[in-house]
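There are 2 protein chains.
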Amino acid sequence: MENKEISQAVIARLPRYFRYLGELKDEGIERISSQELSDIMKVTASQIRQDFNNFGGFGQQGYGYKVDFLYEEIGRILGLDRTHKMIIIGAGNLGQALANYMNFERRGFLFKGIFDNNPELWGRKIRAMEVKPMEEMEEFVKENEIDIAVLTIPKASAASVSERLARTGIRGIWNFAHVDLCVPEEIQVENVHLSDSLMKLIYNINSLDDDGRK
Amino acid sequence: MENKEISQAVIARLPRYFRYLGELKDEGIERISSQELSDIMKVTASQIRQDFNNFGGFGQQGYGYKVDFLYEEIGRILGLDRTHKMIIIGAGNLGQALANYMNFERRGFLFKGIFDNNPELWGRKIRAMEVKPMEEMEEFVKENEIDIAVLTIPKASAASVSERLARTGIRGIWNFAHVDLCVPEEIQVENVHLSDSLMKLIYNINSLDDDGRK
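Residue numbers (our numbering), protein chains in the order written: chain A, 138 to 351; chain B, 138 to 351.
Hints are supplied without guarantee of correctness; some may be wrong.
[Unchecked claim] Below, in silico cross-link-like pairs of lysine to any residue (SDA-like), each with a Cα-Cα straight-line distance of 25 Å or less:
1. B:K179 / A:Q172
2. B:K249 / A:V147
3. B:K179 / A:S334
[Said to hold, decoys possible] Partial list, derived from the structure: chain A residues whose beta carbon lies under 7 Å from chain B:
4. P152
5. T220
6. A234
7. N237
8. T305
9. R308
10. W311
11. K337
[Unchecked claim] Label pairs and their in silico Cβ distance ranges:
12. B:T305 / A:E160: 19 to 29 Å
13. A:E160 / B:R168: 47 to 57 Å
14. A:F206 / B:A182: 38 to 48 Å
15. B:S170 / A:Q145: 48 to 58 Å
16. A:Q184 / B:L247: 51 to 61 Å
17. B:Q187 / A:E276: 40 to 50 Å
18. B:K203 / A:S297: 27 to 37 Å
19. B:E272 / A:E276: 35 to 45 Å
20. B:P321 / A:I177: 15 to 25 Å
In case anyone wonders, no lab produced these hints; they're calculated from the structure.
For every residue, glycine included, the Cβ atom is placed at its ideal position computed from N, Cα and C.
Please work from the sequences and hints to get the whole structure.
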């Protein structure tokens, strides 16, 4: 497949297709038309066809997509046919919550280590991992060929930690710190700014109020 | 102000403006031009002016925006000048992480209760809250005039819980369950699908690889 530039908007929609197709598969459904998929996902059928055309269309021949095939293909496009080694930086509540979330492992996301700068946490077991001091991070990343670092640390330390990570050859940062990171462009960053998300919810609630519950 | 329809894309950017303006304010900066704001936020100056024009423009008169004023105004637009009462449904790791995140309270997001259907957790203290049984949820929402429910439960129970919530008159759901909810349109839903976000990161990492580290 040609590696043409695919918009981030399309890419952001792929996991949602993958999720719905997984559910259809679990329900034993073998084929689905773009119109049926459109009805359950609440996006237009033409949007679905356009999105899939970015990847060659997955060959709907008048009688629908093969659910199994489509699920596998989108999984493969997302890179879920490979495993990815991850570390968590910040062993607070959020770091522990992510470490304990089993569903990630099923998708090939393997948590290999967890780090914190609080000595009281060192040695504490979180699943199969012992919390390690931040000083050991660089060596651990290199020795264990870690692909992705999950940042669940306060924003004050996020900049310096991401600079250190950049020098280790890490490939991606999943950033929960409430700040935008500045890293070389060969490192992919995906932000989860929880406060931003909550503020957006608040705005939408209040704008309904102001319209007199339209 | 006229309540014209403002696109979700603009609304999604407001918290980020708010965050950067808060930092400028903390640094003691009083004025900033759209060009300077553009440089630090890495969006175009014309995007910034267009976004702000949705709210009347905030009157940049050739010598920049007043940081303080802009910060207050965007906070007011987002509804951060009011308090919002919240409950958490699901007292697992993620629910506890959110309950313990102090920054939310500073913005007027007040956690009032936390619920779980696991009897072993009932009565356990998380900050000032005791975990309560799910059976008490409806009455609690009504008595305490709860605005927002945070769903940190598995996807299997998310549909039935959100139906129960819809009948209580709740105004918003902040949904961490890995499923899209189906609720009446007067209830605002904001999704945080963590797996989707991680898959997007994986895709971006792999597409760099496929291009031979472009």
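Checked hints:
For the hint linking K179 of chain B to Q172 of chain A, the alpha-carbon distance of about 39 Å lies beyond 25 Å, and the restraint is violated. Taken as a hint, the K249 of chain B and V147 of chain A pair is broken in the structure, with Cα atoms around 38 Å apart against an allowance of 25 Å. For the given pair, K179 of chain B sits about 20 Å from S334 of chain A by alpha-carbon distance, which is consistent with the 25 Å threshold. A least Cβ separation of about 4 Å between P152 of chain A and chain B falls short of the 7 Å threshold, and the interface hint therefore holds.
Taking 7 Å as the C-beta cut-off, the interface hint given for T220 of chain A is violated, the closest approach to chain B being about 10 Å. At its closest, the beta carbon of A234 of chain A sits 3 Å from a beta carbon of chain B; the interface hint therefore holds under the 7 Å criterion. Nearest Cβ of chain B to the Cβ of N237 of chain A: about 5 Å, under the 7 Å cut. The hint holds. Taking 7 Å as the C-beta contact cut-off toward chain B, the hint placing T305 of chain A at the interface is violated, the least distance being around 15 Å.
For R308 of chain A, the interface hint holds, since its Cβ comes within 7 Å of a Cβ in chain B; the closest pair sits about 5 Å apart. The closest approach between the C-beta of W311 of chain A and any C-beta of chain B is roughly 6 Å, which is under the 7 Å cut-off, so the hint is satisfied. Against a cut-off of 7 Å between C-beta atoms, the interface hint on K337 of chain A holds, since the closest Cβ of chain B lies about 6 Å away. Look at T305 of chain B against E160 of chain A: about 27 Å separates their beta carbons, and that is inside 19 to 29 Å.
Checked against the hint of 47 to 57 Å, the pair E160 of chain A and R168 of chain B passes, with Cβ atoms roughly 52 Å apart. In this structure, F206 of chain A and A182 of chain B meet the distance hint of 38 to 48 Å, their C-beta atoms being roughly 46 Å apart. Between S170 of chain B and Q145 of chain A, the C-beta spacing of about 28 Å breaks the proposed range 48 to 58 Å. Taking 51 to 61 Å as the suggested C-beta distance range, the pair Q184 of chain A and L247 of chain B does not conform, at roughly 39 Å.
For Q187 of chain B and E276 of chain A, the hinted distance range of 40 to 50 Å is satisfied, since their beta carbons lie about 48 Å from each other. The hinted range of 27 to 37 Å is satisfied by K203 of chain B and S297 of chain A, whose Cβ atoms lie roughly 32 Å apart. Separated by about 51 Å at the C-beta atoms, E272 of chain B and E276 of chain A break the suggested range of 35 to 45 Å. Range check, P321 of chain B to I177 of chain A: Cβ separation about 18 Å, and the 15 to 25 Å hint holds.
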